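Two independent chains are provided; combine them into the complex using the hints.
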Amino acid sequence: MYLLKYILKRIGLMLLTFLVIFTMCFVFVKLLPNMPAEQFGKDMELILKRREMLGYDKPIIEQYVYYLFGRTGYIYDKLDINGNRIQSKDSQGNLLWESRIVKDEHGNTVYKTDADGNYLNADGAITKDPALYVPVTEPILDKDGNKIPVYEQETVYDKSKIPEGVEYIRKGMGGIIRGYFGTSEVLYLGSDVWEIFARKIPYTVALNIYSILLSIPLGIALGIFAALKKNKWQDHVISTGVMIFVSVPSFIYAFLVQYILYFKLGWTPPVANAMGGAWSWTFFTSIIAAILSMSFGTIAGFARYTRAELTEVLTNEYMLLARTKGLTKAQAVVRHALRNAMVVIFPMILGEFISIMSGSLIIEQMFSIPGVGELYIKSIQAQPTPDYNFFMLLTGFYTLIGLSAGIIIDISYGIIDPRIRMGAR
Amino acid sequence: MKKAKRLLAVVVAVCLLTSVMVVFAACDKTFTVSYYNGNDLIGTEKVQSGKTATGQVSGWSLSGGLKTADGEDFDLKTPITADISLYGNFTKSGNYTYRVGPSELPTAWNSHTAQSASTDYILDFTTEGLYSLDYSEDFTTFRIVPSMASDFPTDVTADYVGRFGVVAGDTDKVYRIPLKTNLKFDNGEVINANSFVRSVRNLLNPQAANFRADELYAAGDMKIYGAEAYAKQNSYALSAFVSENYGAEEYINPTAFTVASDLVQVDGKDIVMDLNSGGNWGSNGLAAYAANGDLTKSLVMDEETGRVKIFDTKGVWILTRSLEEVEIGTNPDTQEPIKDYEFFDLDGNKLQQRYVNDAGTAWVYLDKDGNIKEEWAGCRAQDIYIDAYQKLLDAADEKGWVKLTSELVTATQNVIAHLQGYDSVEEYAAKCVTDNNFVGVDGDINYAYVEWEEMAFFGQTWAQYDFEDVGFFADGDNALVIVLVNPMEDNFYLRRSLCTDFYLVYNEMYERLADTSTGVYTNSYGTSMETYVGFGPYKLVSFLSDSKFRMEKNPHWHGYSEPEMDGLYQTTAIEYIVVKNDATRLEMFLKGELDSYGLQVKDMADYVSSDYTYFQDSESTWYVAMNPDVATYEAQQKLAEPVNQGYSVIKTPMAIFEFRQALSYSLDRAAFNLQFNPTGSVAKGLLSSEIISDPDKGEYYRGTDEAKDALLSFWGLEDEWGEGKEYATRDEAIASITGYDIAGSKALFDQAYDKAVEAGYITADMISSGKWEVQILLGIPVAVDVYTKSAEFLAKNWTEAVKGTKFEGHLTFKNSQELGGTTFGNYLRNGTVDMLWLVGYQGDQFNPYSMMDVYSGKLQYDPLTDKSKVNVDIELDGKLLRATLSDWIACLQNQTIQASVVVDGNVTTEKVSVNAGSSAPTAKRVAITAKCETAILNLGNLMPLSTDASAILKCMRIQFKTEDYILGIGRGGLKYNTYTMTDEEFAAFVKAQGGTLNYK
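Protein sequence lines correspond, in order, to chains W and S. Each position in the first sequence, counted from 1, maps to that position plus 1 in the numbering used here. Each position in the second sequence, counted from 1, maps to that position plus 1 in the numbering used here.
It should be emphasised that the hints constitute simulated quantities derived from the structure, not laboratory data. Just so we're clear, the structure is a prediction, and the values are computed from it rather than from any experiment. A portion of the hints provided could be inaccurate.
Only some residues are given here: those of chain W computed to face chain S with a beta carbon under 8 Å [stated by the list, open to error]:
#, residue
1, D81
2, G84
3, N122
4, S413
C-beta atoms are modelled at their ideal positions from N, C-alpha and C, and glycine is treated no differently.
With the rest of the complex left out, here is chain S (with noise of 0.2 Å):
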């Protein structure tokens, strides 16, 4: 019995020393822990049982979590209890210097007065907004994110009824902002509420009128309340035109005029014309009509000429007037002769074509000698006029303004009746009554009493102006709150327009900066390393001008220590060096010095293939415009040299709307592209394929049905397809337009030829001579390749277009002098040129509807098409509605229109309100936006050319986030890149390839 319990207790004592010694042996298990950055296995690490793995791998930094295979999150916290797989965001340690070679560096960034492009190099990555376009989760489109903003904004409009113009039942008009509470500048200083609203006192300084203080007020759809009234306290400025401001009613209500001080004003603002600006006309002003007018003591024979010089009061040359007097027809209403007078410029172009009947009353007649003859002198309509110029000359100021009084606005009213062609504004007036032209939407006015108010502008002094009274302040540290002008939905365009910084400054640099001790406020800020402070993710550690700079990562932004951020912003320093020529860029670049190229012209035939090329499309348009003024032409004809010797040089065919159409349908988009603009893409339409009409559904416009529509009208297919026809679908009629269709060119160029004839822009006398010219003369801004060599394309191009055709022969092109870089378009506004071409507009990618400004405001290259006379018919909420052209954009513009209800193609009574501003639904916007883009087209005005578009050679070691461009983000940026190499590993590689590397 003792031996069985001795051996029991033997085998108890075995087993018991075999436990322990298993859980011994077992606790000093070590297990692999593999660590993977996507696939690929970048190091292990041998983790005793139970205890827990560090996560480090050695030559690399994790960023972020990490996650077993299952894609479930890992806490490093877990012990180790069998061999496991991690798979987390690595990074390589190491230097990745991201390095760029443009041909200018930015000079001045302070953001309150930047002006070159090349600023955006060091305030892109310095500073940030608060909120910032992101991709969306799935990497396929974009989305705006809060950045310096913790959150996305909350509409407190309720909280401030009764101040900043803010009434009961206001919404959308303030909004709250919540801040980051761990924000700094990049010297480690605390950025809170106030130093923004510090910031915005400063750039709205009125000493100072900053470049950029506008933006608060004057640019984009969000404007600041009491921003441009702070900006602009103490000077007397002029606003908008007095026309623009009342819809579709345009004029102001007559009982809304007042008179204070002999001033009339409406609302207390005066009414001011300024003689150089003609407002709405979009004309130089009432200045250069007036020089159609003969201030008779101021006339002076040009002998060589035999024209007249036309002096203004102040002895002013103004223009040169011809004594030519020609008949052109006869008067049906009087069977009197029609006499054309022609007018010229200083450089002897005419200016504008007037009619007179035979009593000739309207002008004076002149001698060879410049003198007067005595039968015309003093003739009633003349004095009238001078006398009612003179009146508005005597009151102008210096800058050429007339505050209106009531007899000054008779006199402009005198002087507008007298332009078009009338004695005065009654003659003028009851004329509008029976004429349908002026009686049209606005039937219910007479034209002639009113028309002035589209030259006129609203002036105003503006008064002193307390900055607390402007709607941008501190809701504690950390909220601002914004006060809108007109009230914003918290939409897209609301958090996009709050992408910004507004502005941020580090005040107390900036304050120390500004000087006037001179007599004019300058201010250094941003001028060099020492007089700037950044808050972006990187901050500036290096300038030269002009030569380099260096960013490298900021230790102080919040981004840093955000989990969102982990993984992102692997570059750690940023260089910027000057390099002027491109060979030399590409040089560079395949030494592997540079880590982009952008792709030239000359580079293409290598290149365009290659694995590291990324082609980029913008979202802007380049046109061939030309405008279509007969009476412009006309003036042009007579004083152009003929190409070919003894010929008739005639313009007036470009008045013709079909020859224009002929000239875009035989435009050879695609080789004019290929030889000038490689990178881009035959454009079909005004608007570019990447413009996006919804950005919370992240559609494109080009991609709506109303587009595709506008498209198919302008190429003649609308017609064309649908079953039975000859495309099936609407997207087989659009995906058929090549841009050049030159058959059809060429039928239209006949027709173009039997409506000259039929107007008389072709004599019998020239066709039976056949030496006439139509002559183009195409205007050059500056005299570089790009310019010059299109414009031999583009002659050689229509030369042989109109071949088989009976312009065959006749079509001559002539190149301008250089008109200047900024202001060409000029000269196409006032016919000096017959067409631009390569001109556009920088487009807003997410706003199509607010880049229809530019077709019918000021900036328009075709102001002598009045496009408050052009209507446009578009059916909305099932009834089809009536108002011009101009009015439709402006309700595009968040201004409420008034349109006519038109039933069975006639107008009738019944006018429905219409505003398509930010706030109108999507459909109706792109609706509104496609006819009137069919309408632009279909002026052929506007000949669309090629989309702007951009080709880049990736260096090898960078990898993009995204292979597809994804409009708002890119490809990632430097945020999202990653490298695969570190800057030695790169320049080790780079050696053994031999020292260039091959991209092709």
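The following block holds chain W by itself, in its conformation from the complex (with noise of 0.2 Å):
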């Protein structure tokens, strides 16, 4: 029960540390200059209507609650000078009216076309696409057997501009709360940023599985040795590779496994093969310097923290009396040591499984793989103004998974050491 209670009052710190932290992150990167640098025949004011129409030009609060709640719009129907609502035309320039689609006697849909039966599409030009023909539509009358006109609307979020007397609806638009993460304005011009991030999370997470599955067994497998082999040749070397591999940063890896695997031998391809998927063979293939690079560090990491705990152990006096009490080294080592070790790496494991999400800036860029890695720096870097939309949405996503894994390894401390009782007083 404690650890029910212990768990909740840490997801509800957790959400008023993410609330917190996401504010923070929404007024920093507004405050960040945004305004476009005047470019040569460029109308100024075309720009200011877009960041208008965007919301760029209300104070940041403001800004704020339409990007977590939306905005609520005021439909109504347009007026022109004398009061009057204006007719829509089409993209034709023909005045619009309600209409219905026309079928033949057999209840098909009848299509526009040409004198020689040829199927037009909307320019007027004759097509074969099924999927351009145009319906032939006919007027809706009204019951004075007048054709009714389609009007032309506007929408505005400030309720007092709609003329006196105008009827309109109202319309919640946009908002988080309504699953609207929004569109990107600069680095994905058009395209909705929860989409991209959804296309590109999978190969980063391919790439970190790939690699935590490469370098845990054989970090781990590489501290037991050396820990087995305490101050033996084998552990020296082990440990003077692991000195080695933790000290350089995994750019010069990167570099090194590419221009040699590559350019000097050939066996792998410069850049990863995208194309057909982050789980497809030819991914994976294509990916295996970039897996290594990757892993040499975390292979290290894990091989040094794993010798080091079941050194520890190893000396302990219960191991000695497994050994008295008949256990061979082997069973003592896997059953007492290696469990007990295991305390402190198997947080470590989970730390890497949850890290997963996180893209490499580096080794995405050198090896061309198109996850996730580069998305933050390029959100806020992003000219003329920061991709707000995109660094939110990144902002977010990783502070919630950054606090989840905080509160999952607190707990699985618990669950490996039944000694560790997480809350209880």
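Okay, structure coming up:
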């Protein structure tokens, strides 16, 4: 029960922390310079108009409210200078009337054709693509037999701007609460930011998973081996290697791995082939060099911690007791030493798995992997304005992942070692 | 006899038989047809006599017709009766994939909103214009040819009199453009004139505010009638500066003003002050100026700095004002001391210097606690100012826009008078009458009453506008009609403007992808393969953002069925793969996996002399830019920390022309280029040698005498050539310019020193102590090598240059903090930094005339030099004419200006109207451009540094059409590229070379 309370409390605190971070990030990113520079031959008015549509001219807090809750739009029929409603026109300039699609005697839609019976598209050109056929329509008549016009509509967010006496419809638009994270205005202009993120994240996850699957067993195995061979030449070799790989930044390995495996040996392609998807065999084989580059540091890290933990455990008296009770060295190590050493190692493994969503800027760039690695930095550095929607989506996502990871790892201590009871007094 | 008869019969029979056999034998004979690709024999064909040749060679494809050895066309229906050699344009059958590895791929290429250069990677190949630039017939220069259009435009202005603002007698305003009848999208759908019209309607959609909508009314020479009105309908917008619309008279005739609903208007347009924009003043607007005046209720003392923070009436912290008051001289009229008050912005930088007389009526004096001292409070001028500015503030909307009423015009006049240092507009007006600085070419008006027009804009609510009233419509299925705002002759400039697809999109899909459900118009057209349909020679067949995309030949493209295209477009596919790392890109190129590689500085040592390296000059020129405003320097030097401990920092010598010119002469441009721009060359003038002044003749601007004289003037050689002089010819003098004159610079440095001493910039105390430094603050846009290391270079260069001059040991440099990648220019414009370098404008290689606008308009780097006060004399049509630099530049932009005739050095009352727009003779435009270039260079604010250029390594298997780079068409591009090996053959070739190619 106390664990449940503890978890609920942590989740509550997490949400609060999340909200604070999220709000702060919104405010900070909005404080960055965001006015585009004047350009030769550009109509700044047009740019300002677009910015106004996006609400960039509003106070930051107002923008934040819009971002979270969307805006309430008031839709009404536009009036001309004489106060009359304005009839809509189609893209050909024809007046629009309320209409219905004409069906033939068999109930099939009738499409526009030329004199020779060729189907026409909306531009009046002959088309053979059924998707582009234009249905023939007939106007719907009112009770007096008159055609019913379709009127141009205007959406405003300030109700006071609706001309007096004009009827309107109220409609909620956008906002995170409606599941709308926004459209990219800079990096992926016109694309839904969530769609782009969802399209890219599998590549990052795949790279990280492959790397983890390689590095964790190998790192732990090397650590165990080094611990068991403590102070022997094998330990020295492993420890030296670990020291090198922990110290040298990953982009150095990446460069060397690419140079040797691709340029010198020709065993791997220079960059990823992602066309088949994140889980395709071609993608996997094309990122072997990237996986290796990602893994060296992790292998070294796990080897170092495992060796250190295991070395300490192996010197405990209960290990001696286990051996004197007749267990073989292997049995003692596996059943007692390793399990105790895992109290520290396991949360590390968990942490690695949780971080599979995080991209590696350097490795993804070096091997042209279309993951999320550089999205965050690009969303801030985007010109002429930061890509706010991307930035906030990533901020929210990673903040949530990070905070959740903290809770999961904390709880995992209790699972690995029953002596630890999170939340107990 | 019988025997004889028999014998004869036998002979005849034999003869007949022989003849028959000969005929049969002849008929049965085979001849050899030899096929040549260029001079290479690529195959032969045995053809029976009298039969026809196939024209086919195994493994090769024939493009176009065949010719005989004599160069005559050979018809394949001609029977072969002898051995023959036939020559044709053969290409090897197979795959020819052009592979490129840029660091970024396009993420969205909707042509209506495209903002990134990488969108061209797709649009260049999947779209085409109505017309296009191509090689001339002899491949030595360029020409414009129809692409989607079937012929050149025809002037049909007379047919539209009474519509679209066309009046009888107008010409060159309405053009009919015939379209080819076989145009199709890459999905096979027909393109007709209405497809274009509908696309333009979508482009101009007022709900969308598409980024490229202004291309039809704001950019370039060609402005479509009604496009702006349609795009902006139902919105209130500011348009041109008021003072720019009236040519040389510049200011509005007072009778043109009308009042409607209390608002002052001209031609139905409001007059609007934007408090946040200085209009023609090139500043941040009255809000910034106003902060210099004390809004007394909003003053707070900053205890740390001892300065007073000034807030506007909305509580926004605008400026910090110093309490220091310094006597700086004596008023020669009144013998009263002149005092200097200092005003600082939030960063502590001085903004504006103000001089007031001892009466001190202009300013409020504050004590240490920030309280107003009684004897200074409520003085007259201050009241006027506060009152006037407060009126403007009260009337401003949330954007800071003020629609002027008559009362507000007076308020604005008073504010500006005050900013000019006068108590009221009346006092300012009295000064203008007597002060030649204000009379000038506008002597017939009183500047004090019209100066506000320089800061004002026209504003209007754009009315509801029908698309039918936009000058872009279809004339039947296969012709477009465009109506221009300003007439353009059917010359190169019109046709080049028509090298556009008018933002053609696949409307069905485009309109389907538009979304307004979230309250803001968005459109995902051109963001993936599924959301895009092209119409160019290639079509997109796969796309993964940030990874790779591939284009293949578009089977529906009309060009492939046209004889002119025979032998072109050998490239069967184009692949772009993102490669972020330069080293990886080079490795891929060397292993034959990419077909070109852009050389980096670090590669130059290895590949600069490679047979496969191609250099490409650009039309852009990089400058070193400075702003010569003495007041700004005075403010900055008081805030600057010395580099040398205990030294006094002075910056004012930078305001001296000779000092800046000395910096220019002593800049070792060649060394700079070698280190930072190895593909570039030394820039000697404002405009690069790649700029074309006469596109019809292909003449380069720098090749004209006028442009050469501009260089000679700037480099001090204008009197050094001619008979008996150092250089015999103008060209010899030009050739002697190296862009580095260290001896000349030392003399100039010493002259500058003397002037600085004379002006009191360097005082006797400083000289005696020796502890002074002229400190130059170098603006760093972003802290990357090219800026930080070149800053080191400049500092070292000029520290060395002043050795042996009076500035030796007294010139120091500091780097600014990062200024930001796009707005760094503003820091020089407002004087926050002293120098920027590697700045410039992306030039238009065919139009130096429109480019001149950037040197006096809102994009200029030195707005504190008022170009409307710089007079330039130009000889046109036998008369010496004088107008301001601003006016001359305006007349190149199709505005009519009034220039004064100068006789014997004196301005006469005679005025001449001048318009040097796109319809003016080239010689006239060149003459004006060159004189403007001379004037700008001789201000000393922009120092030419280097011309932009790039270098690429070309893949071994690719052949360019021309080795020379031809402006407008380059070396032919993909259209003309040919390959010596197919993809498979090249892969085998690379393998045979050990897997790595040697391009050194």
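Evaluated hints:
1. D81: Holds - the Cβ of D81(W) comes within 8 Å of chain S, reaching about 6 Å at its closest.
2. G84: Given a least distance of 13 Å, the restraint on G84(W) is violated.
3. N122: 6 Å, holds
4. S413: 35 Å, violated
Hints 2, 4 from the list above are not met by this structure, while the remaining hints are.
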